[in-house]
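Enquirer: Sequence:
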Amino acid sequence: MEADPPAQAHPSAAPPAAGGPATASDARLAGDAQRTRLVIDLDRAVEFHAFTLAEPYRVILDLPEVAFALRPESNQLKRGLVSAYRFGVFAPGKARMVLEVTGPVAIDKAFVLDPVDDQPARLVVDLVKTDPDTFARTAARSAAQRVAPPVTPIVPPEAGDARPVVVLDPGHGGIDSGTTGYSAFAEKNVVLETALAVRELLERSGAYRVVMTRSTDTFVPLGERVRIARAHRADLFVSFHADALARGEGQARGASVYTLAETASDADAAHLAEKENKADLIAGVDLSDETDEVAGILVDLAQRETRNFSALLARSLVGAMKSTVRFHRSPLKSAGFRVLRAHDVPSVLVEIGYMSSKEDLKLLTSPDGRGRIAESVVAGINQFFAQKASGLHAAADDKAAVPR
Numbered sequence: 001m002e003a004d005p006p007a008q009a010h011p012s013a014a015p016p017a018a019g020g021p022a023t024a025s026d027a028r029l030a031g032d033a034q035r036t037r038l039v040i041d042l043d044r045a046v047e048f049h050a051f052t053l054a055e056p057y058r059v060i061l062d063l064p065e066v067a068f069a070l071r072p073e074s075n076q077l078k079r080g081l082v083s084a085y086r087f088g089v090f091a092p093g094k095a096r097m098v099l100e101v102t103g104p105v106a107i108d109k110a111f112v113l114d115p116v117d118d119q120p121a122r123l124v125v126d127l128v129k130t131d132p133d134t135f136a137r138t139a140a141r142s143a144a145q146r147v148a149p150p151v152t153p154i155v156p157p158e159a160g161d162a163r164p165v166v167v168l169d170p171g172h173g174g175i176d177s178g179t180t181g182y183s184a185f186a187e188k189n190v191v192l193e194t195a196l197a198v199r200e201l202l203e204r205s206g207a208y209r210v211v212m213t214r215s216t217d218t219f220v221p222l223g224e225r226v227r228i229a230r231a232h233r234a235d236l237f238v239s240f241h242a243d244a245l246a247r248g249e250g251q252a253r254g255a256s257v258y259t260l261a262e263t264a265s266d267a268d269a270a271h272l273a274e275k276e277n278k279a280d281l282i283a284g285v286d287l288s289d290e291t292d293e294v295a296g297i298l299v300d301l302a303q304r305e306t307r308n309f310s311a312l313l314a315r316s317l318v319g320a321m322k323s324t325v326r327f328h329r330s331p332l333k334s335a336g337f338r339v340l341r342a343h344d345v346p347s348v349l350v351e352i353g354y355m356s357s358k359e360d361l362k363l364l365t366s367p368d369g370r371g372r373i374a375e376s377v378v379a380g381i382n383q384f385f386a387q388k389a390s391g392l393h394a395a396a397d398d399k400a401a402v403p404r
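Just so it is clear: in the sequence shown, position 259 is 259 by full-length UniProt numbering, and no numbers are missing.
Among the hints, erroneous ones may be present.
[To be verified] Here are the computed lysine to any residue pairs in the SDA-like style, where the Cα-Cα straight-line distance is at most 20 Å:
1. Lys388 to Thr306
2. Lys388 to Asp344
3. Lys129 to Ala139
4. Lys278 to Gly319
5. Lys78 to Leu113
6. Lys129 to Asp114
7. Lys78 to Lys129
8. Lys78 to Gly20
The set of hints was computed from the structure by calculation and includes no laboratory data.
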């Protein structure tokens, strides 16, 4: 039996042309550390493709658009060869499920059963334990059939539009939910609503051309976010996130503003950058062919103008936001965030609060709270451009914002 065959749908599994997306109502695991089966219940059969990725070991299921209506505890399940799984939108019209596995596996069987009587359609994937060499061979065979990460079309400005370009980047999205609070709120939704509120205020002012890396609940790879900023020749880039501490890690609250640096300003900044830089892995993106651009980009970032303007933007935001949000201790921080690597664009990452803090969560999840945050962010952006126009740069010796 050939390991990891291309996962083809049952011939009768093609969904009807109309009726909206299929709905997934349940998911369950069965088996042990040698063989594990995943079963997903759907209201109709769908075509799908399954493949494997390494570093870390994962199994990816690419599907057409699916409405996931799984029980809340479904994404907490783990059994046998599967240590965790997640699901969500991967690209327009495409859904994805990512299975984290305990080691090298092969896809022994992957098929769809049509609905029968009162039984739903069932998508079935059987995994078996294998060795690293076999895993590598089968992963390479399936590479050509993978769904490419989404690419956002670039809309050029109207002729004569010389307004500054502001790129707003709501973190996470789609299959990557980000962190969660002590409730059902997901980071991806909180930061999207915040960024949309900022966009509304900026566009209402008429002073800026505003670009969003995403304006819906969809996944955008980190490198694509950087490409969007550079392709639009952005004058600044603001990425929005909301951190969280795991239960038992203590209490923390407050906002922070980060710039890019080769060496993190402190252990917390290093930990956060490491976590945020895993977004593409979480979504099942193959990074094996990605080149390491850090060294060259950080050399470019060392150019005084870009470095100082990023620091100036960070300081402007902290100054404007401090009357609205509580800041974490040492609010100006830095680390090697991949999303800040548009080396010719002043870029910051704003952690607007902690999803694990009940006080912060109350602010972040209320329209009034997000509105006040948005107003202060816009005030910081206005201050940045005013200071930039006056020739004021960030202090060259501002080690808190830009460590050497």
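Enquirer: It remains to establish, for every hint, whether it holds in the given structure.
Expert: Status of each hint after checking the structure:
Only pairs whose Cα atoms come within 20 Å are accepted, and Lys388 paired with Thr306 is accepted, the gap being roughly 12 Å. Only pairs whose Cα atoms come within 20 Å are accepted, and Lys388 paired with Asp344 is accepted, the gap being roughly 15 Å. With a C-alpha separation of about 14 Å, the suggested pair Lys129 and Ala139 falls inside the 20 Å cut-off, and the hint holds. At roughly 30 Å between alpha-carbon atoms, Lys278 and Gly319 are farther apart than 20 Å, so this suggested pair is violated.
Pair hint Lys78 plus Leu113 does not hold up; C-alpha atoms about 23 Å apart against a cutoff of 20 Å. A threshold of 20 Å between alpha carbons decides the hint, and for Lys129 with Asp114 the separation of about 28 Å lies outside it, so the pair is violated. With a CA separation close to 16 Å, the supplied pair Lys78 and Lys129 stays within the 20 Å bound. Proximity of Lys78 to Gly20 is assessed by CA-CA distance (about 30 Å); at most 20 Å being required, the pair is judged violated.
Of the numbered hints stated above, those contradicted by the structure are hints 4, 5, 6 and 8, listed in ascending order.
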